[in-house]
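Participant: Please take these sequences and the hints and turn them into a complete structure.
If you read the protein sequences in the order shown, they are chains A and B.
Under the numbering used here, the first residue of the first sequence is numbered 1, with each subsequent residue one higher.
Under the numbering used here, the first residue of the second sequence is numbered 1, with each subsequent residue one higher.
Among the hints, erroneous ones may be present.
Taking lysine-lysine and the PhoX-like style, the derived pairs with C-alpha atoms no more than 20 angstroms apart in a straight line are [stated by the list, open to error]:
id, chain 1, residue 1, chain 2, residue 2
1, A, Lys3, A, Lys110
2, B, Lys292, A, Lys104
3, A, Lys110, A, Lys161
4, A, Lys103, B, Lys292
5, B, Lys292, A, Lys159
6, A, Lys159, B, Lys268
7, A, Lys161, B, Lys292
8, A, Lys110, B, Lys292
9, A, Lys140, A, Lys104
Keep in mind the hints are simulated off the structure, nothing from the lab.
Since the structure is predicted, the reported quantities are computational estimates derived from the model, not experimental observations.
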Amino acid sequence: MKKVISFAIILLFCSTLVVLGLHIFGVNSQKKSFDVSETRQTKTGVYAKVLETVLGQTEVYNYQRMGFNKGFIRFSPDCRCLAVGSETGDVLLYTTEGQLIWKKNMGLGKLTALEFAPDSQTVLVGETSQQGCLLSLRVKDGSELWRQASDHNLGVNIKEKTYPGFVAIRTDAQGFIYAVAQRYVKQADKASEYFSRIYKFAPNGERLGQFPVDSNMDGWVNWLDVDKAGSKVAFCTGNFDPGSYQYNQLIYCIDGNVQQLLWSNTAECTPPYQTVTMRTSPDLTPDGKYAAGITSDGRCFLYAGDDGRELWRRSISKPQKIGGVYLNAAGSFAYIIENYAVFTTGNTFNKANWQLPTPVEQPNSNSVFIFDLSGTLVNSYKLGGMVEQMAVGPKMAALAIGRNVRAKDPAVHGFYILTIPEAELVDCAQTEGGPAVAVDISADGRYVAGIEAPLQLDDGSVIGAYKLTLLVRR
Amino acid sequence: MYNRDVWEATPGETLLHNTDVRTKILILLVLAVTILLVDSPRSLFLLFCLSLSLHVAARSSFERWQVLMVFVLFGIWGSMTSQALFYAREPRTVIACLLPPGTPGLGALTGGVYIYREGLEYGAIQALRSGTMLALGLLLNWTTDPRQILRSLLGWKLPYELGFMLITGLRFLPVIFQETAVVLVAQRLRGYEPLRTFWPRRLLQTARQTLFPILARTLRRAATLAASVESRGFGRGLIPPPLPQWPRGESWFCRSLIIALAGVIFLKVMDSLQFNGLFYLPAWRGIYDVMKVWL
Chain A
1 MKKVISFAII LLFCSTLVVL GLHIFGVNSQ KKSFDVSETR QTKTGVYAKV
51 LETVLGQTEV YNYQRMGFNK GFIRFSPDCR CLAVGSETGD VLLYTTEGQL
101 IWKKNMGLGK LTALEFAPDS QTVLVGETSQ QGCLLSLRVK DGSELWRQAS
151 DHNLGVNIKE KTYPGFVAIR TDAQGFIYAV AQRYVKQADK ASEYFSRIYK
201 FAPNGERLGQ FPVDSNMDGW VNWLDVDKAG SKVAFCTGNF DPGSYQYNQL
251 IYCIDGNVQQ LLWSNTAECT PPYQTVTMRT SPDLTPDGKY AAGITSDGRC
301 FLYAGDDGRE LWRRSISKPQ KIGGVYLNAA GSFAYIIENY AVFTTGNTFN
351 KANWQLPTPV EQPNSNSVFI FDLSGTLVNS YKLGGMVEQM AVGPKMAALA
401 IGRNVRAKDP AVHGFYILTI PEAELVDCAQ TEGGPAVAVD ISADGRYVAG
451 IEAPLQLDDG SVIGAYKLTL LVRR
Chain B
1 MYNRDVWEAT PGETLLHNTD VRTKILILLV LAVTILLVDS PRSLFLLFCL
51 SLSLHVAARS SFERWQVLMV FVLFGIWGSM TSQALFYARE PRTVIACLLP
101 PGTPGLGALT GGVYIYREGL EYGAIQALRS GTMLALGLLL NWTTDPRQIL
151 RSLLGWKLPY ELGFMLITGL RFLPVIFQET AVVLVAQRLR GYEPLRTFWP
201 RRLLQTARQT LFPILARTLR RAATLAASVE SRGFGRGLIP PPLPQWPRGE
251 SWFCRSLIIA LAGVIFLKVM DSLQFNGLFY LPAWRGIYDV MKVWL
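Facilitator: Take a look at the structure:
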């Protein structure tokens, strides 16, 4: 009996230590690799899972929370690598076969943007921190090639923890880097103050230009796009508080040297909203001829790239007063895929109180709309949940579908692949219940990768995990 | 566990046995301060493993390892269980519901009983701290003659009374376990089975019937000890014997340890200033990044 007790003590002690060590050092015991020829874990079987791996532990949010866990995914332009930026501050580089090449922690910085250089040799990482840096990491080993800070332009208040950060990064065909840096300050009287700037960097990190040259923009800039030749850079500004601002237009286009304003355009507010904002658009065509954008109030626009003329606008989710409150589905993403403009909408939104569940769902909520360039609606596709992220492939779009805050159905969470312009479902890989928060599709359409986040249901139970899923086309 | 030899220092020929007692006390103190300063689970886990590896180096007997493992396991699982249930900070993530809030009576009274992920992690971190201190304390106790400890402490100008109390405490520890063994054997010989059932009433009765005799015997011993030391003129006009020469290598090792500890304290202060938004050095970004992971 004594021997049994001794053996049990040793076994319990060793297993406790091993479990603690594995948990603390993040050794991934939840990595699953799949045999592509055997598994059929997607809806149609066109794509097959290659890898599922937990990226770490994150805070678990519920349906009542407006913001959610984030993730960043980018396939390299040569379709050989996959860069992943996690909420836990890690940048991971995988091969498209699912092998981890390296992992690097960003330390104090919170990851806010991720992009590959067009030669697939470097990964560009944007972070929000005391210095708000843009970093270039070598794909081969993750070593840092250079970093550029934004705090000297945007300022920083370490006491109030209002830090600057690079929030969007794009590159042109020559490898020049265009990035938006911004800082946001919430004053004691709840008024918001914004500082934003557009930067252009050479591939070696040299700063080539900034817009505006002498001062910061007083608007919220979260997104930008550049044409392939690097001759036009389009971005949108927004302000969530009504007031008078210098950068009060909706959309701006500047030259490739980020010095001169080429054109700007605006749109009137839609009641009950007092401001108009494009959060995750605009998108420029590779030749720079068109720019597409969608506003939060549910209007989508197509502009001429040369002079900023509004070619057309469509309202896909006009705010409607129902039961005394205005409801609409927030516009989220806009992309131009070949000759079609693709727009997405999110959850039904109650302007009066976003935390209250809406009595009905807006019919156009959580959907994809495809227009041709003349403004004719070609197709649409109703998804069950919020389009958390969208990525563009060859005549395809990959979508990360997250929470539906009204229906609260976890079965809709997953990675969806649609054909454009047919809006036909190519495949859908459901998550383990957690909402999908990030997705990307490789340039050849062969690979799709996405990140799922855990979700706390109303009964307190938690479903899903913060993990990466990699799919390959059979 | 009830064997007195398990608790008392035994001579040995390992590096740790031959190390000067002052070196061992200083290592213990430096590590004690370090584990209080460090919040990183990685560093704490490595320090805990270091303390265990020192036991391997000291060739601790199997019985001693058993004692160490039992205490550490009680610490880890006790701390994790209590924190998992009562963790009150935010954010906290429910990983299991033990008692749904809708349960009549207790459910409504408690608002539900849950296991929180962050509580488990926090409990494990605290347990690693206490486990490291326990392992190091036992190592010092098992490899060092208490008289040497007392001499060293007196040599460092520790008041005689305090030093005496410390050493008496160390010496009493094995005595208490031995007394416990005697009481349990005596009760068994009378046909008493203390752990036959786990009813609360029965357990309380067991505790009373076990603890009172132990307490009585311990007090009796303490009274005898007090009378004995008083009769020998406790602490009056005592001139502590001179300490032997501190080996030069060990002395330098201890100094470098103290310098390293001062460095850790300085880094921790810098990290706290940064974290609380009071002072940030941009040129130190790389160091801050390392500190976030390891401190």
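Participant: If you check each hint against the structure, which ones fail?
Facilitator: Number 1 only.
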